[in-house]
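So you can see what is in the structure, the chains are spelled out below.
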Amino acid sequence: MRARAHIVAESDGRGGTRLAVLHGESPLLLRRTGRRGDGRPIVHLVGGAAGPLRGDDLRLDIEVGPGAWLEMLSVAASLALPGRPAPASRLTVTATVAAGATLRWLPEPLIAAAGCDHVAITRVAVEAGGSLLWRDDLVCGRHGEEPGDVRADALISYAGTTLYRHELTVGPRAPGWDGAAVLGGGQAVGTLVAAGSDLPAPGIAGPNAAVMPLAGPGILATAVGSDIREVCRALDPLCRSPLIPVPG
Amino acid sequence: MSLATLLLLADGRLPSGGHAHSGGLEAQVAAGRVKEISGLDGFLRGKLATGGLVSAAFAAAACADVTRFSELDLGLDARTPSPGLRRASRAQGRALLRAGRAMWTLPAAVGREPHQPVALGALAAAAGLSPVEVAVAAAHGSITGPASAAVRLLGLDPYAVHALLARLAPECDRVAAVAAERSGDPVDELPAAGAPLLDIGAEHHATWEVRLFAS
Numbered sequence: 001m002r003a004r005a006h007i008v009a010e011s012d013g014r015g016g017t018r019l020a021v022l023h024g025e026s027p028l029l030l031r032r033t034g035r036r037g038d039g040r041p042i043v044h045l046v047g048g049a050a051g052p053l054r055g056d057d058l059r060l061d062i063e064v065g066p067g068a069w070l071e072m073l074s075v076a077a078s079l080a081l082p083g084r085p086a087p088a089s090r091l092t093v094t095a096t097v098a099a100g101a102t103l104r105w106l107p108e109p110l111i112a113a114a115g116c117d118h119v120a121i122t123r124v125a126v127e128a129g130g131s132l133l134w135r136d137d138l139v140c141g142r143h144g145e146e147p148g149d150v151r152a153d154a155l156i157s158y159a160g161t162t163l164y165r166h167e168l169t170v171g172p173r174a175p176g177w178d179g180a181a182v183l184g185g186g187q188a189v190g191t192l193v194a195a196g197s198d199l200p201a202p203g204i205a206g207p208n209a210a211v212m213p214l215a216g217p218g219i220l221a222t223a224v225g226s227d228i229r230e231v232c233r234a235l236d237p238l239c240r241s242p243l244i245p246v247p248g
Numbered sequence: 001m002s003l004a005t006l007l008l009l010a011d012g013r014l015p016s017g018g019h020a021h022s023g024g025l026e027a028q029v030a031a032g033r034v035k036e037i038s039g040l041d042g043f044l045r046g047k048l049a050t051g052g053l054v055s056a057a058f059a060a061a062a063c064a065d066v067t068r069f070s071e072l073d074l075g076l077d078a079r080t081p082s083p084g085l086r087r088a089s090r091a092q093g094r095a096l097l098r099a100g101r102a103m104w105t106l107p108a109a110v111g112r113e114p115h116q117p118v119a120l121g122a123l124a125a126a127a128g129l130s131p132v133e134v135a136v137a138a139a140h141g142s143i144t145g146p147a148s149a150a151v152r153l154l155g156l157d158p159y160a161v162h163a164l165l166a167r168l169a170p171e172c173d174r175v176a177a178v179a180a181e182r183s184g185d186p187v188d189e190l191p192a193a194g195a196p197l198l199d200i201g202a203e204h205h206a207t208w209e210v211r212l213f214a215s
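Heads up: the sequence lines are chains A and B, in that order.
Under the working numbering, the residue at position 60 of the first sequence is numbered 60, and the numbers go up by one with no gaps.
Under the working numbering, the residue at position 111 of the second sequence is numbered 111, and the numbers go up by one with no gaps.
Derived list of chain A stretches under chain B, where covered just means 3 residues or more per stretch with a C-beta under 8 Å from a C-beta of chain B:
{"#": "1", "stretch": "159-172"}
{"#": "2", "stretch": "179-192"}
{"#": "3", "stretch": "208-214"}
{"#": "4", "stretch": "220-226"}
The following label-pair restraints were derived from C-beta to C-beta distances:
{"#": "5", "chain 1": "B", "residue 1": "Ala109", "chain 2": "A", "residue 2": "Ala128", "range": "25 to 31 Å"}
{"#": "6", "chain 1": "A", "residue 1": "Arg4", "chain 2": "B", "residue 2": "Leu74", "range": "29 to 35 Å"}
{"#": "7", "chain 1": "B", "residue 1": "Val151", "chain 2": "A", "residue 2": "Ala99", "range": "49 to 55 Å"}
Calculated from the model, a selection of chain A residues having no Cβ within reach of chain B, i.e. all distances over 12 Å:
{"#": "8", "residue": "Arg36"}
{"#": "9", "residue": "His44"}
{"#": "10", "residue": "Asp57"}
{"#": "11", "residue": "Pro66"}
{"#": "12", "residue": "Gly83"}
{"#": "13", "residue": "Arg90"}
{"#": "14", "residue": "Ala99"}
{"#": "15", "residue": "Ala114"}
The set of hints was computed from the structure by calculation and includes no laboratory data.
All C-beta atoms in this analysis are idealised placements derived from N, C-alpha and C, irrespective of residue type, glycine included.
Bound conformation, chain A alone (with noise of 0.2 Å):
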């Protein structure tokens, strides 16, 4: 299956924020949600089928234009499976981020089943003064199950210049994937990156949960957990950060 869903969010010139694209192909459905009329657009992900399934070729693209806002969000998690022999599942999120303009990208995680071939590509580009707060997360396997392979591949920038550049590999094809390097047997991962000005303090997070500055204007919290309430335990707060405005 092949599908490309694509958001445009601009500011409407009265200081809030209007949809001038919202387009999306099953299985990559969008639907605008919250409270219309606060100039704050939510719009969540729908599941439009199975999937990702092995062969699927998906694509988000969103704009967030000068001084818009857009918070993005998921209706449920998204379970990569198997699906027929074919190459690897796709999808790639691009995101551009205005000055002025603050994106919030919160989705459910991704959840591995096994035998499931999936690669996950994000490209956000932030320009000077613009607003990120993006966070993934991943479930190794649905519950008591070895997971299939995930490739997660992110490359966020700011103001031009390559803030954040990660890989994560799991699954029977990455080694050591489950050793104490990378998540020593925890089953779910989550990743927040906050670009801007406005960032959550660094610390210590959890046991297993760190928030760090990076070399860069903006943060990585990351959490491991042996599941992903552990997970939003350590993450979940940051999301709720008065220092990045939520609506209402």
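Chain A is already provided as a structure; the job is to place chain B on it using the hints.
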């Protein structure tokens, strides 16, 4: 190429301060994730596939083109989210340059305190080694440091630890070959394999008052 020169660069006795670092092992030992040889096996395999691959690729890239030091250094900053690990890498880079300056004539562009893989690549270029050779040294160094730290931290049998390193040698060669093959890629496309527990462990480790290793 000179095999003896490569052995000098890869030798744990090179006075570059490597013995002061456990490659992230001390934090994982304290967390109870590495207790014996099988735990060390998992740690080293993950370390080699992540930090080992990244170090090997950046060392090979620095060796292949001495005009890329600065962009490679920034590329390592973007791949090293933990400030503790950035400090440890630069401290080891600086110590390596000191040893290297005594041995060869280093390119001036390498600066004073580059990340360790950039420094290693600069030494290799000055010594006339090839990108794949320095990639082997980098991959090898990424696991031999923590392996010898494991003997001190856990009192493991040194023969069993070296048997493990011998089993990992072919994987080291494979990682180095991949790293050298990709070393001409643009910085953003170079390997970026990360290891979340190494980042988290380094931040916890940096807060300890008493520790055996600097990182």
